[in-house]
Amino acid sequence: MLLEVEQPLEPILAEMEYCGIRIDSAYLQELSQQLEKRLAELEENTYQAAGRKFNLGSPKQLSEILLEKIPDEFQKKSRKTKTGYSTDAAVLDKLQGDHPIVDDLLEHRTLSKLKSTYVDALPQLVRADTGRVHTDFNQAATGTGRLSSSNPNMQNIPIRTEFSRQIRKAFLPEPGWLMVSADYSQIELRILAHLSQEPVLIEAYQNNRDVHTVTAQLLFEKEEITPDERRFGKTINFGVIYGMGAIKFGKSMGKSAADGKKFIERFNQRYSKVFEYLEQVKKEAIALGYVSTILGRRRYLNFERLSDLKGTNPEAIHPDRLKSLTKNDAQSLRAAANAPIQGSSADIIKLAMIEVNKILQNYQARLLLQVHDELIFEVPPDEWEELQPKIKDAMENALPLSVPLIVDIHAGKNWMETK
DNA sequence: CATATCACG
DNA sequence: ACGTACGTGATATGG
325 MLLEVEQPLE
335 PILAEMEYCG
345 IRIDSAYLQE
355 LSQQLEKRLA
365 ELEENTYQAA
375 GRKFNLGSPK
385 QLSEILLEKI
395 PDEFQKKSRK
405 TKTGYSTDAA
415 VLDKLQGDHP
425 IVDDLLEHRT
435 LSKLKSTYVD
445 ALPQLVRADT
455 GRVHTDFNQA
465 ATGTGRLSSS
475 NPNMQNIPIR
485 TEFSRQIRKA
495 FLPEPGWLMV
505 SADYSQIELR
515 ILAHLSQEPV
525 LIEAYQNNRD
535 VHTVTAQLLF
545 EKEEITPDER
555 RFGKTINFGV
565 IYGMGAIKFG
575 KSMGKSAADG
585 KKFIERFNQR
595 YSKVFEYLEQ
605 VKKEAIALGY
615 VSTILGRRRY
625 LNFERLSDLK
635 GTNPEAIHPD
645 RLKSLTKNDA
655 QSLRAAANAP
665 IQGSSADIIK
675 LAMIEVNKIL
685 QNYQARLLLQ
695 VHDELIFEVP
705 PDEWEELQPK
715 IKDAMENALP
725 LSVPLIVDIH
735 AGKNWMETK
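Counting in our numbering, the first sequence runs from 325 upward without gaps.
I should point out that these hints are in silico values taken from the structure, not numbers from a laboratory.
Backbone N, C-alpha and C fix where the C-beta goes; we use that ideal spot for every residue, glycine too.
One thing to keep in mind: the hints can contain errors.
[Stated by the list, open to error] Just the calculated beta-carbon pair ranges, DEER-fashion:
no., residue 1, residue 2, range
1, Gln357, Arg645, 51 to 61 Å
2, Gln685, Tyr371, 31 to 41 Å
3, Lys714, Asn531, 19 to 29 Å
4, Lys743, Lys714, 16 to 26 Å
5, Glu365, Ala414, 16 to 26 Å
6, Pro335, Asp412, 35 to 45 Å
7, Lys404, Gln331, 41 to 51 Å
8, Lys418, Arg489, 42 to 52 Å
[Stated by the list, open to error] Below 27 Å or equal to it, Euclidean Cα-Cα: the simulated DSS-like pairs (lysine-lysine) are:
no., residue 1, residue 2
9, Lys377, Lys437
10, Lys714, Lys743
11, Lys585, Lys647
Hey, can you work out the whole structure from these sequences and the hints?
Below, the structure is given as structure tokens:
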């Protein structure tokens with residue numbers, strides 16, 4: 325693992341850091357001015373509605389305002405934090421309609437985050453000697469084997485909202501070149517299919533089916549699935565990857581306890597290998613003190629009330645010991661269930677980076693960024709047609725699994741256009 | 001330096 | 001009784 329993956333990867337990361345990525349600072353400064361104008365309007369509206377000025381960036385002061393204006397709704401719909409009532413986006417969403425201030429607060433939160441963290445920060449990090457931004461890729465920062473990125477973090481550049489996509493337009497290739505993004509489709513669910521050897525999942529992926537729809541079909545026991553039902557299937561599939569327990573699983577159905585239980589049994593029957601696999605991983609975590617990825621990378625875990633089982637035979641652990649747990653032990657078990665999946669995904673994209681780097685030796689094109697399940701390149705236009713299938717193949721075949729890996733690859737004038 | 005919040009996969 | 005569950009890093013506030 326060390327010799328085959330981490331050591332060969334290190335000079336590739338060094339090259340990516342050294343190369344950096346081009347930023348359109350003038351464009352970001354225009355965006356900044358637009359944001360400043362809009363933020364000022366929102367502040368003015370908010371002060372009017374609140375009857376006085378306060379610091380919109382202070383959850384503490386906002387909490388005071390909300391307690392003053394809509395005490396009943398706020399206390400009912402908020403949750404307690406260590407220091408008081410939460411004013412986070414989930415809470416504010418629930419308060420929409422209760423007071424005219426709420427919509428403006430939400431918009432202000434979003435826009436000021438984007439302005440301070442990206443629009444204003446990135447141009448300041450452009451290095452004078454290269455004209456580009458040079459991130460750090462941290463190779464030993466996470467518990468699962470993923471990379472992390474800092475100064476600046478290039479792995480959390482906005483994409484989810486319409487406005488935030490404007491920020492991605494600021495990331496440019498060399499003048500005249502193309503920006504290229506190649507991302508794995510549903511890699512973590514495919515790894516779950518492989519690790520669990522669940523026949524329903526394997527069959528679905530081998531036949532190129534939409535797995536969120538498949539889950540929804542077995543959930544609702546019908547062929548035709550609405551977009552809402554598919555979204556629900558997607559949520560459940562992610563929940564499984566994150567180690568969501570059967571109880572929470574039933575409750576997220578939003579049905580009665582009896583319905584939830586019936587549904588769990590149905591799901592359990594249909595994806596029985598997935599649950600067997602997750603149980604087995606949890607038992608191994610407790611008995612061995614670690615869990616492993618496909619390439620043998622380990623995540624070590626400590627338990628409180630379950631520590632008496634360390635060094636015992638995993639198969640001898642009674643399923644009841646996985647119930648009534650301390651908060652910490654429950655969290656550790658979820659982390660244990662997730663680590664082989666998230667970590668194997670990291671293994672695979674690292675192997676892919678090593679393969680892709682070999683290919684790039686014969687081209688001018690450069691690997692710029694890794695964002696967990698995607699690679700970002702800048703490519704001269706005359707290399708694109710030839711490189712596209714080579715990058716795709718290298719990534720899809722980095723490590724053969726029981727299910728195919730699929731990579732979507734697109735080129736554009738900037739990062740936003742590569743989707 | 002702890003906390004809350006929020007950006008991403 | 002719950003808008004939750006895995007992995008990160010940056011920013012602002014406030015002690």
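How the hints compare with the structure:
1. Gln357 x Arg645: 51 to 61 Å: Because 60 Å falls inside the window, the suggested range holds.
2. Gln685 x Tyr371: 31 to 41 Å: violated (59 Å)
3. Lys714 x Asn531: 19 to 29 Å: At roughly 26 Å between Cβ atoms, Asn531 and Lys714 fall inside 19 to 29 Å, so the hint holds.
4. Lys743 x Lys714: 16 to 26 Å: holds (21 Å)
5. Glu365 x Ala414: 16 to 26 Å: holds (25 Å)
6. Pro335 x Asp412: 35 to 45 Å: With a Cβ separation near 41 Å, Pro335 and Asp412 satisfy 35 to 45 Å, so the hint holds.
7. Lys404 x Gln331: 41 to 51 Å: For Lys404 and Gln331 the Cβ distance comes to about 48 Å; the hint holds.
8. Lys418 x Arg489: 42 to 52 Å: violated (27 Å)
9. Lys377 x Lys437: holds (20 Å)
10. Lys714 x Lys743: OK: Lys714 and Lys743 at ~19 Å, within 27 Å.
11. Lys585 x Lys647: holds (16 Å)
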